[in-house]
Amino acid sequence: MSDNQSLLAEQRRALILDEVRRRGGVRVNELTRRLNVSDMTVRRDLDALSRQGVVEKVHGGAVPVVEASTHEPGFEAKSALELTAKEDIARAAAALVQPGSAVALSGGTTTFALARRLLDVPELTVVTNSTRVADVFHTAQQQTGAAGAARPGAAMVVLTGGVRTPSDSLVGPVADQAIRSLHFDMLFLGVHGISVEAGLSTPNLGEAETNRHFMRSARRVVVVADHTKWGKVGLSSFATLDQVDTFVTDAGLSDEIREEITEHLPGLVVAGPGADADGERS
20 MSDNQSLLAE QRRALILDEV RRRGGVRVNE LTRRLNVSDM TVRRDLDALS RQGVVEKVHG
80 GAVPVVEAST HEPGFEAKSA LELTAKEDIA RAAAALVQPG SAVALSGGTT TFALARRLLD
140 VPELTVVTNS TRVADVFHTA QQQTGAAGAA RPGAAMVVLT GGVRTPSDSL VGPVADQAIR
200 SLHFDMLFLG VHGISVEAGL STPNLGEAET NRHFMRSARR VVVVADHTKW GKVGLSSFAT
260 LDQVDTFVTD AGLSDEIREE ITEHLPGLVV AGPGADADGE RS
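Quick note: the sequence shown uses the working numbering, first residue 20, plus one each step.
Source of the hints: derived by calculation from the structure; they are not laboratory data. Here the structure is a predicted model, which means the values were calculated and not measured. Glycine included, C-beta positions come from ideal geometry on N, C-alpha and C. No false leads were mixed into what you were given.
Distance ranges between label pairs, derived from CB positions:
#	residue 1	residue 2	range
1	283	238	15 to 25 angstroms
2	160	278	37 to 47 angstroms
3	177	275	34 to 44 angstroms
4	51	192	48 to 58 angstroms
5	175	275	41 to 51 angstroms
6	28	139	23 to 33 angstroms
7	177	42	43 to 53 angstroms
8	215	44	17 to 27 angstroms
Work out the full structure, taking the sequences as your base and the hints as a guide.
Structure representation (structure tokens):
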């Protein structure tokens with residue numbers, strides 16, 4: 020990090036969080052020099068990151084928050100985090116979808132953002148275990164119906180049954196059986212954590228098994244996750260990185276981490292500020 024005075028607050032905070040996680044902690048005076056901003060600006064950034072629950076403020080600086088591997092935040096708690104990054108990811112991921120495809124969307128706030136983008140892609144068949152994702156399509160159809168006519172090319176949506184998780188996903192034997200009998204052109208998978216060592220992971224054992232079935236039924240697996248998910252590890256790993264075809268993320272990842280990802284994944288798409296106009300692909 021050098022002269023980043025012109026960075027937007029969200030970009031600057033992403034850089035601070037990356038530094039905290041990479042080094043295990045930072046001091047305010049170090050950040051003021053590296054970012055070329057005032058002491059007050061850094062402290063406001065640390066306050067914001069602390070409210071998000073991703074860093075813990077200590078005297079003179081901050082350290083990363085270490086969550087229990089079984090901790091599973093609810094949908095509402097997650098939906099307020101990294102909003103711009105999720106919209107950037109959703110826009111880039113939607114560009115991968117061809118009209119008339121059969122796509123699956125797992126649960127999560129990033130797939131929820133993607134669902135809103137997919138409303139404009141005609142003739143889709145959408146299978147999901149997320150009640151929130153299903154509601155996006157249902158609400159759009161209701162609004163169109165109230166206007167007097169069905170929307171041409173509206174998606175056909177299949178919601179699996181199952182037991183609801185804190186993230187409003189449906190998991191368990193009922194969901195697994197429904198998914199096993201289907202075949203998808205593309206799966207968009209939200210994750211709790213992703214790393215070289217642990218692969219894709221979740222704190223929910225039922226969700227881990229349901230995600231395995233999703234992956235077995237998909238011709239192409241696309242992970243959609245913002246930069247804060249990199250390095251996180253949940254209780255249960257359900258896939259290795261080489262089982263993923265494409266990772267769509269935002270520009271908050273450092274160049275060093277991007278290089279590490281490309282060593283283990285066949286495809287990387289970096290969306291939003293800091294990427295090329297069409298996203299960075301490898």
